[in-house]
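Protein chains in written order, with the numbering used here: chain A, 294 to 397; chain B, 6 to 418.
Don't take every hint at face value.
To be verified - Straight-line Cα separation of at most 30 Å, DSBU-like style, residue types lysine-lysine; simulated pairs: (1) B:367 to B:385; (2) B:364 to B:385; (3) B:53 to B:170; (4) B:406 to B:385; (5) B:364 to B:406; (6) B:385 to B:317; (7) B:315 to A:305; (8) B:315 to B:385; (9) B:60 to A:362; (10) A:362 to B:170; (11) B:406 to A:362; (12) B:143 to B:53; (13) B:143 to B:170; (14) B:367 to A:362; (15) B:317 to B:367; (16) A:362 to B:53; (17) A:305 to B:317; (18) B:53 to B:385; (19) A:362 to B:385; (20) B:367 to B:406; (21) B:170 to B:60; (22) B:143 to B:60; (23) B:94 to B:315; (24) A:362 to A:305.
Note that these hints are calculated values from the structure, not bench results.
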Amino acid sequence: MPVINYLQFNGKTFEVDVPVGSSVMQGAVDNMIEGIAAECGGACSCATCEVYVDEAWMPVVGEACDIEKDMLAASSAWRTNSRLSCQIEVTPDMNGLVVTIPAA
Amino acid sequence: MHETCIIIGASHAAAQLAPSLRQEGWPGPIMVIGDESCLPYHRPPLSKAYLSGEKTAHDLLIRGADVYTRYGIEFRLGERVESIDRSRKTITLRGGEELAYGKLAICTGTRVQTVTLPGSTLAGVHYLRNIEDIDRIKADVRPEGRAVIVGGGYIGLETAAVLNKLGMHVTVLEMAPRVLARVTAQQVSEFFQRVHGEEGVDIRTSIAVSGFEGDSRVERVVCADGTHFPVDLVIIGVGVTPNVELATAAELATDNGILVDAFARTSDPDIVAVGDCTMHPSPFYGYIRLESVPNATEQAKSAAATLCGKEKPYAALPWFWSDQYDIKLQIAGLNQGYDQVVVRGDRSVGRSFSAFYIKMGKLVAADCVNRPQEFMVSKKLISEGIELTPEQLADESIALKALLDGARSDVST
Chain A
294 MPVINYLQFN
304 GKTFEVDVPV
314 GSSVMQGAVD
324 NMIEGIAAEC
334 GGACSCATCE
344 VYVDEAWMPV
354 VGEACDIEKD
364 MLAASSAWRT
374 NSRLSCQIEV
384 TPDMNGLVVT
394 IPAA
Chain B
6 MHETCIIIGA
16 SHAAAQLAPS
26 LRQEGWPGPI
36 MVIGDESCLP
46 YHRPPLSKAY
56 LSGEKTAHDL
66 LIRGADVYTR
76 YGIEFRLGER
86 VESIDRSRKT
96 ITLRGGEELA
106 YGKLAICTGT
116 RVQTVTLPGS
126 TLAGVHYLRN
136 IEDIDRIKAD
146 VRPEGRAVIV
156 GGGYIGLETA
166 AVLNKLGMHV
176 TVLEMAPRVL
186 ARVTAQQVSE
196 FFQRVHGEEG
206 VDIRTSIAVS
216 GFEGDSRVER
226 VVCADGTHFP
236 VDLVIIGVGV
246 TPNVELATAA
256 ELATDNGILV
266 DAFARTSDPD
276 IVAVGDCTMH
286 PSPFYGYIRL
296 ESVPNATEQA
306 KSAAATLCGK
316 EKPYAALPWF
326 WSDQYDIKLQ
336 IAGLNQGYDQ
346 VVVRGDRSVG
356 RSFSAFYIKM
366 GKLVAADCVN
376 RPQEFMVSKK
386 LISEGIELTP
396 EQLADESIAL
406 KALLDGARSD
416 VST
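If we strip away everything but chain A, and leave its shape as in the complex, we get:
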């Protein structure tokens, strides 16, 4: 099972097993990792699951679709490596993925 690394802004890190087919958001929610609220439960409608994908992993994770891009564009914490974690589906080649959770 792929291991996803969640880095909080306060320096705390969480190494979590997340099943293939689940989402990076769900991995955080299931492990009560603070900073990912996931208010809409993964419907790409609230942007409370934003993460910064480690630069090295951007090619693996890929680009956001149009609706996600629009949601991200309105985020006050936006960076070029921002993604909505509910839209990142976990695949086997994401083992070791590193994402950072924006500061509150």
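Go by the hints and put chain B onto chain A.
Same frame as chain A, but now just chain B:
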């Protein structure tokens, strides 16, 4: 020996409250009691991706079973709570079993409003609330079949969109002069009527259903004006009502919902209530009852803190979303009492515009159609009470975000 926290109800509110309670430091047992046979699941996809078949029941689970086990959260599923005894601090299940609580959380949500029209209990007539309802509906879906949906609210329209995509001939019957009458302005209702028409759904307004006819199953929907609709499947979506009966019987204060404060506290110091079943204070709108997932989730976090002796007030701006065809409708705020509607963009052509509701010079709500950015900015414009003119809102040459930045820099200088 630590006290037990019992949570009555096993849907969105409970799914957040139970783990949050553990996170806030609750040391004792946590028991969640639900009358459905499955663990908490996401309800919004029921009228969307689950009905269409894109998601399975397993996909819908809010958290996996192993997560609850890890946090020491016990579930009693397929059980109903019959009564609460506040003086003895016990609850009684159907079947007579009594359970003691140290703290209690009522997360009973809402149930569908049913109709008492002739024939409404015929096979093929469905309501839509639980996963089992959708499973029954799916069994009646077939391409080229005829579906009539009674009620033109969110549920009715979302279901119409999915059944249409699944190849059925769909008619929506709405009693009011327009769809979504309870929640949006005329301009937005007209937009949705246009879009559904473009997609092949027949929407009839100002029409009242007087009964259903058929032998072993429903074959016709009959209306008060004499119109008949031959039909294979009927879905009734005419609203929900809060499950306050346990609370009322236990003499907790209720008024179209269980009355709670900003910390989810009921009139009993050991009992909180969370979600669709609550009437709670909003810094923006007075006392409100919301039928919304974000409300259940955020209020649950506040309740968890309260149960552990901390104070985290719940003061979030209400918001909602609805997915129909290629349209994402996102709604920020409640538009009650608005005195003006301003449309930004062209709603008569295409599928992208926003409708802003102004009350006394301030934005109180926004309906954004395929405009996620404007939705996100609107939430801030509303919650920060920024004064805006209709001209500013309607002018697409000024980015909405600029209005927010402009107002904020005014305040700081």
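We went through each hint and held it up to the structure:
no., hint, verdict
1, B:367 to B:385, "holds (12 Å)"
2, B:364 to B:385, "holds (16 Å)"
3, B:53 to B:170, "holds (11 Å)"
4, B:406 to B:385, "holds (10 Å)"
5, B:364 to B:406, "holds (20 Å)"
6, B:385 to B:317, "holds (21 Å)"
7, B:315 to A:305, "holds (24 Å)"
8, B:315 to B:385, "holds (27 Å)"
9, B:60 to A:362, "holds (24 Å)"
10, A:362 to B:170, "holds (26 Å)"
11, B:406 to A:362, "holds (16 Å)"
12, B:143 to B:53, "holds (12 Å)"
13, B:143 to B:170, "holds (13 Å)"
14, B:367 to A:362, "holds (28 Å)"
15, B:317 to B:367, "holds (27 Å)"
16, A:362 to B:53, "holds (22 Å)"
17, A:305 to B:317, "holds (23 Å)"
18, B:53 to B:385, "holds (28 Å)"
19, A:362 to B:385, "holds (19 Å)"
20, B:367 to B:406, "holds (16 Å)"
21, B:170 to B:60, "holds (15 Å)"
22, B:143 to B:60, "holds (13 Å)"
23, B:94 to B:315, "holds (22 Å)"
24, A:362 to A:305, "holds (28 Å)"
In this structure, every one of the numbered hints holds.
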